[in-house]
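Peer 1: The task is to assemble the complex, starting from two chains supplied on their own in separate frames and drawing on the hints.
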Amino acid sequence: MNRLDFHPVLVRLPYLLGGVWITILIAALAFGLGLSLAVLLVVVRFENRGVWRRMSRGYSTALTNTPQLSQIFAVFYCLPLMGVMVSPFLSVVIGMTLNAAAYLADILGAGMSRVPSVYHEVALTLGLNRRQTYLRVILPHVGRTMFPALANHFQIMILGSAMASIFGVEDLTGRAYDIGSTTFRILEVMLVTGALYAVLSFALAGIFMLCRRGLERMV
Amino acid sequence: MIAFSHYDTSLLLQALLRTIILSVGGGLMGVAGAVILTALRLSGGKVLLPLRLLAVAYVQIIRRIPFIVTLYIVFFCTGMAGVDVSATVVAIGSIGLIAAAYLSEILHGGILTVPVEQVEAALTLDLPLWARWRYVIVPQAMSAVLPPAIGYLVLFIKDTALASQIGVVELSQAGVILSGRGLPSAQVFCAVLLLYFTISYPLTCLSRLLEKRIAVH
Chain A
1 MNRLDFHPVL VRLPYLLGGV WITILIAALA FGLGLSLAVL LVVVRFENRG VWRRMSRGYS
61 TALTNTPQLS QIFAVFYCLP LMGVMVSPFL SVVIGMTLNA AAYLADILGA GMSRVPSVYH
121 EVALTLGLNR RQTYLRVILP HVGRTMFPAL ANHFQIMILG SAMASIFGVE DLTGRAYDIG
181 STTFRILEVM LVTGALYAVL SFALAGIFML CRRGLERMV
Chain B
1 MIAFSHYDTS LLLQALLRTI ILSVGGGLMG VAGAVILTAL RLSGGKVLLP LRLLAVAYVQ
61 IIRRIPFIVT LYIVFFCTGM AGVDVSATVV AIGSIGLIAA AYLSEILHGG ILTVPVEQVE
121 AALTLDLPLW ARWRYVIVPQ AMSAVLPPAI GYLVLFIKDT ALASQIGVVE LSQAGVILSG
181 RGLPSAQVFC AVLLLYFTIS YPLTCLSRLL EKRIAVH
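Heads up: the sequence lines are chains A and B, in that order. Reminder that position 218 of the first sequence reads as 218 in full-length UniProt numbering, one-by-one numbering, no gaps. Reminder that position 211 of the second sequence reads as 211 in full-length UniProt numbering, one-by-one numbering, no gaps.
Simulated from the structure, these hints should not be mistaken for laboratory data. Positions of the beta carbon are idealized from the N, C-alpha and C atoms, including for glycine. The reader is advised that the hints may include incorrect statements.
Counterexamples of contact, computed for chain A against chain B with all Cβ distances above 12 angstroms [claimed, not checked]: (1) Gly18; (2) Leu29; (3) Phe46; (4) Trp52; (5) Arg54; (6) Thr61; (7) Met85; (8) Leu124; (9) Arg131; (10) Gln132; (11) Glu188; (12) Leu196; (13) Arg212.
Pair by pair, the computed Cβ-Cβ distance ranges are [to be verified]: (14) B/Arg208 to A/Glu216: 44 to 50 angstroms; (15) B/Arg181 to A/Gly168: 34 to 40 angstroms; (16) B/Cys205 to A/Arg53: 45 to 51 angstroms; (17) A/Ala203 to B/Val35: 29 to 35 angstroms; (18) B/Cys205 to A/Leu10: 46 to 52 angstroms; (19) B/Val35 to A/Thr125: 53 to 59 angstroms; (20) A/Ala28 to B/Glu120: 48 to 54 angstroms; (21) B/Pro202 to A/Ser117: 42 to 48 angstroms; (22) A/Cys211 to B/Val138: 36 to 42 angstroms; (23) A/Arg212 to B/Ala131: 39 to 45 angstroms.
One chain only, chain B, in its complex shape (with noise of 0.2 angstroms):
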């Protein structure tokens, strides 16, 4: 076993953190975003119809491509638009993007579930709009979102290794960095591999619990 240099540890840790960072930064775009796709898909009206039209549009379309190709559209796009972005600025815009529309799907179908009659209840007892979300639909929605939401974050980390694709060194690039250093890439891989896993099980084992929470009421 030939332990890791200073050097290599260092880079490591900081491409695991580069990670984090992507993750986290990636997933709160991605609430703020399908906060406000959902918003949409299930606003009334007729003057919204095209924006609704267009968030479900949005929302299926994103899903059915590759998210690496959505990467290189983004990319390119602040490129040619001139935008000076750093590539990491990129990967985190492009993973809330994506991000956005899963979780819109999860966020609409929660809301869905939460029974007419509730509704009807809180308007009869004349709540207004805000108190109708805060008390009545959103504690209901919660339990069918939470869990699934939580398993999806752990979809955006695995995401993140993508951006190594465009310049940004995180996690799997440190390794291919490390291994074309010399270092054994058996060992280089269980490390990285490792490492994801140390970040990603804790949220599935949450999103488990969860879902086993909800199932006993």
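Just chain A, same shape as in the assembly (with noise of 0.2 angstroms):
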């Protein structure tokens, strides 16, 4: 059996440590858009009775029940199928805010059916229109009240952005992959690599409770 060797790999750690800022970009860039294609199904789910709440139901079912790397598969290979020419990392974006934006709609759908009807009622007797009323009572309310496990989703967005290096995109992982093709040295590298993000994944934590603290005295 050969002995386990760091060396190779803490001296490219600098290289490595790159790699964080790249993987939480993905995860970021895909929450956020995620996020605003969410708060579109999630309307659509409450406002409309027909076939559009149907199509918006039928979209959460279809993308949380389909694993998330084939759907970045189809949207690489299909897309310059249809004249779009994309990089690697933006077909990561993309495939991962539609992903997310599925769960994300699952979330903040459970958020709306728990706000109290009064809120309607009173946003109505204030004389706020439909828009008012959801960007300024009813998301801010869902997002405060689902905020954990708004946070939760992008810890596993985080872990899920790893899928890019498949793509050849450079986040941790990938650089974690490219120093261990180099070195030889993959299984120290994938050592570090998992440590990594296990201490990325603890100070988000960290940092998701002292934002729910904040929230909580705003209210």
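Peer 2: As structure tokens, this is what we get:
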């Protein structure tokens, strides 16, 4: 059995750490875009009683029951066929956005159904129109009550963004794989990478806890 | 619409079978691992303290590492240790490792929902250990455990897609292969996504159904 040798990995640690930012960038971009799409989906779900509502529900069902990797593959292989040339980075962000929108719409939907009906009535009494009601009353409230679930999904997306490496994006896992193939110390580099993800995740959990306390103080 | 040839269809079906084997194998390993982890976490006494801490640390850390990294670690670990196993076994083992952590969280949480008075009453009735678990704790905990546990099985089915990265020809890899053969990508990936959907969706429905049933009680 070979002995573990971490030296070649530690020498390249700055390069590896640079991948952390790309990982965060992918997750944050896809989360932000996915959340915007999710807001649209969920408003349709609550405002429309016909075919649009069913389509919004169907979207979530379809995308939460198939693997994100296959969805990114579909985007990666099918967009060029439609004449849209995008970089691997963008394909991954698009694929993750579509996936995130499905989950986030379900989370927001759960929050919306728990908004007391008094909120709607009060907004109506104050003379707010539909748009103002959603933007100023309902969605901020849902954002606050559903913050833990949303934060949890962001953590899941940080882990999910590791799939970007499969498409040649230099995120944390992608860079780890690079180092592994140049130094032949792939096990060592993956152990370090796993530890980095764990540290990142604990750090984010801490930040989210502070945010949550801040939100609770606001109310 | 270009029809798939016999070879394309058989590749797709074999890949589907491989995906099912990975999911079922990983899920079963996960259940076994979760029971052991939870037993350790609930155990008392000073002798087992190091093991208890280890179980808690394992559950906390493994859930914070991307599955693909876990998969690589297990894959290259077995390689370095000179253990000669197939990529499928490595994939099943890796899914088992993460499934054990997630399911242990659910199991542990579910057992804690059983009111303490119930256990105390069982102790007062002088029920032996196995009867306490068999007739008092497990039936009550199951209602809190089963719906999310089945929901997580869907997650593990989706995670099997990553096994393609260590050379297992499962459903998503079959899609890439067929696309490489020159079949229209849109149709290939539609077929792949549809097959995943047909195995995941019934489980999602089952999970939701159980949740509703329990809510009625």
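Peer 1: Against this structure, judge whether each hint is valid.
Peer 2: Here is how each hint holds up against the structure:
no.: 1; hint: Gly18; in the structure: holds (17 angstroms)
no.: 2; hint: Leu29; in the structure: holds (17 angstroms)
no.: 3; hint: Phe46; in the structure: holds (20 angstroms)
no.: 4; hint: Trp52; in the structure: holds (21 angstroms)
no.: 5; hint: Arg54; in the structure: holds (16 angstroms)
no.: 6; hint: Thr61; in the structure: violated (7 angstroms)
no.: 7; hint: Met85; in the structure: holds (15 angstroms)
no.: 8; hint: Leu124; in the structure: holds (31 angstroms)
no.: 9; hint: Arg131; in the structure: holds (32 angstroms)
no.: 10; hint: Gln132; in the structure: holds (34 angstroms)
no.: 11; hint: Glu188; in the structure: violated (9 angstroms)
no.: 12; hint: Leu196; in the structure: violated (9 angstroms)
no.: 13; hint: Arg212; in the structure: holds (18 angstroms)
no.: 14; hint: B/Arg208 to A/Glu216: 44 to 50 angstroms; in the structure: violated (31 angstroms)
no.: 15; hint: B/Arg181 to A/Gly168: 34 to 40 angstroms; in the structure: violated (22 angstroms)
no.: 16; hint: B/Cys205 to A/Arg53: 45 to 51 angstroms; in the structure: violated (19 angstroms)
no.: 17; hint: A/Ala203 to B/Val35: 29 to 35 angstroms; in the structure: holds (32 angstroms)
no.: 18; hint: B/Cys205 to A/Leu10: 46 to 52 angstroms; in the structure: holds (49 angstroms)
no.: 19; hint: B/Val35 to A/Thr125: 53 to 59 angstroms; in the structure: holds (55 angstroms)
no.: 20; hint: A/Ala28 to B/Glu120: 48 to 54 angstroms; in the structure: holds (49 angstroms)
no.: 21; hint: B/Pro202 to A/Ser117: 42 to 48 angstroms; in the structure: violated (35 angstroms)
no.: 22; hint: A/Cys211 to B/Val138: 36 to 42 angstroms; in the structure: holds (38 angstroms)
no.: 23; hint: A/Arg212 to B/Ala131: 39 to 45 angstroms; in the structure: holds (43 angstroms)
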